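S.K.: Residues per chain are reported as follows:
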Amino acid sequence: MKNFTLTHPADVGGAITAGAQPESAFLAGGTTVIDLWKLGAFEFAQLVDLNQLQLRGIEASANGLKLGALERMNAVGENPAVKTHYPVVSEALLLSASPQIRNMGTMGGNLLQRPRSLTYRNPDPNRHDGPSRFDAIFGITKQSSAPHPSDLAVALTALDASVRIQGKGTTGTPERVMKLSEFYKVPQADLRFDTLAPGDLITSVEAQVPFARRSAYIKVRDRASYQFAVVSAAVVLDLDGDTIREARVAAGGVGTIPWRLPQIEAALKGKAASPETFQAAVADVGTGAVTHSHNQFKIELLKLTIIRALIAARSIV
Amino acid sequence: MSCFQENEEVGMPDDNLSVNAENNVSTSRRSFLKQATGLLGASVFVTSWLPPSAEAASPTSAVAAKPVTATPGAGLVDLTLKVNDREYPVTVETRVTLLDALRDRLKLVGTKKGCDHGTCGACTVHIDGQRVLSCLTLAAMAQGHEITTIEGLADGDNLHPVQQAFIDKDGFQCGFCTPGQCMSAVACIKEGHVRSDEEIREWMSGNICRCAAYPNILDAVKQAAGATPV
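Here the protein sequences line up with chains A and B, keeping their order. Residue 183 in this note's numbering sits at position 183 of the first sequence, with consecutive numbering throughout. Residue 49 in this note's numbering sits at position 49 of the second sequence, with consecutive numbering throughout.
Looking at chain A on its own, in the form it has when it is part of the complex (with noise of 0.2 Å):
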C-alpha cells in the first residue's frame, strides 16, 4: 500500500490531463478504488479527485434519461422522476450494495467497479479462482470467467443506455459517445473489461427509450439485502394493449460483462404479454452458455428470474 499524492482538479480538462498522465487514477466515491488499493490488487503514484467537477444533474422524462457521472447512486434511485420513468434503473440501484455505499458510490464508477473475484481482488496477476457457483456462463474468455458485479450496468444495457466521454485529445479534450454494448468487451489478458483510455473520463449517461416507464430489475441474491446478484434480469416492455411491440432484456451474475439477450427480445415481440409467451421465449436462454457442474444451475434460474422481471414490468400500468 504505497502513498500517493492526490489532486483536486476544479474542472474536467484538468482532471484529464491529471489523470492521463502515468500511474495515475481517478477517484470518485473510493468504493472501488480505495478498498482494491488496500488489497493490492490496484497501485497508483497519483489520485485524482474528481469531487470538485460538476459532474451532476438527474434529468429523466420520457424524452430521455441522463445522469451526471458524479451524481451518487442512492440520490438517482430515490429520484422521483427516475422512479417513475425508468424504475429498471431505480430499482437496480436500490438493490445495490449498502445505503452507505449507495451514498458514495457514482454513476461513473459503478459502470467500472471490478468484478468480486480473486482474479481481480489479488496482487498477483497469475491467481484465479477455481470453479465456483458464482461463475459467469456468457462471455468466459481464458482470463476471467467472473460475472460483472454492476446492478446499474445491466438496467442501462437493457435501456442500450451509452456513456458521454472526454478524453485526451492533441488538441483539447474531444468528446465521445459510446454504447455500453461497444464500451463494454469481454475481458483480454489485461483483464480489462472496458474500452478506456488513460485520462478518459465519463461524464455522463444517457439513455433514450420513451416506454421505460414499463420496466422492472429482479435480483436474486443469497442473502436477504446486501448481496452482489447470483442472477439479475432488467427488462423493458413497450405494449399495445396486450402486444408487446417491442421487449429489452438483459441480465445480471451470467455474464463476464452486462448480457444482454437479443433472441429472447424477438421472441417477445409482437406475441401478447403472457405468462405462456415468455415462458416459451426464454426456453432457449441456455444457448451458448458454458456451464459446469458448480453453476450450471444459473440457466434455470436466469429462465425464472427474466420471467418474474417481464410479470413485474407487465403488471405496471
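Everything hinted at is true.
If you want a taste of the chain B side facing chain A, the calculated C-beta under 8 Å gives, among others:
no. : residue
1   : Gly75
2   : Arg95
3   : His117
4   : Gly118
5   : Thr124
6   : Val132
7   : Ser205
Taking lysine-lysine and the DSS-like style, the derived pairs with C-alpha atoms no more than 27 Å apart in a straight line are:
no. : chain 1 : residue 1 : chain 2 : residue 2
8   : B       : Lys190    : B       : Lys222
9   : B       : Lys190    : A       : Lys83
10  : A       : Lys2      : B       : Lys107
Since the hints were made in silico from the structure, they are not lab data. Note that the coordinates shown come from a computational prediction; the quantities given were computed from them, not determined experimentally. The beta-carbon is built from N, C-alpha and C at its ideal position, and this holds for glycine as well.
Based on the hints, put chain B in the right spot on chain A.
M.R.: Positioned in the frame of chain A, the structure of chain B alone reads:
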C-alpha cells in the same frame, strides 16, 4: 456498552481519567490498556511490530519501532477536519483514511474499524448529514465537510434518542458494531426509511452484527423513530 464509555472519554482526549455514568470517576478501558501496555514492558509488544530483519538489527527498538512514518518529502497533506462542530488541524499522509485519522490522530475512537473494506458498516459516520463508510473515505476528501461521529450524537449528558433506544431495547451484545449501527439508524430515520419492519431491515442492512442482535436493533430503530420527528 463500549461505545458510550468511549464516547465520554473522547470529550477529554488527553486526560487519562474519564467520567463514567455509573461509577462517577474511573479509568477508561482504553486508558487502562495504554497504561498496562507500558507497565508490562515495551520490549515484548514493540519488537513484535517489527519485521524480522529490523528486529535482529535493532536491539534499541524505540527508533525503529515507528512503523508508520511519512514518506520523506512527499505525500503529506495539512488538513482541517471539522468533526462534531469542532475543528481539528491535522497533518496526515494522503493515503490515511478518515477512519484512521479519527481514531489514531483525533482520538475519536468511538468509530470502529471492523473489516476496513466497506463490508461491515462499523465505521459508519455522517458527512454533511449523509451516512458513509469512513474506511473507504480518504481523510483528505472529508476536508471542508461537516463530519459527525458517534461522539457527536449526545447532547451533553443526554443521550441521543437512538442511543437511548439501543440501551432500552438491548440492541447489542458485544457492542462493537453499535456506534456504526447508531449512526446508520440516525440517518435511516432522518431519510424516512422506517415505514415498515421490512423497510428498516433493508435500510439497516449495511451494518453487520456478528452477535446477531438484529431483532433488538430493529426494535431500537422503531422506538427511536417514534421519538424522533421524521
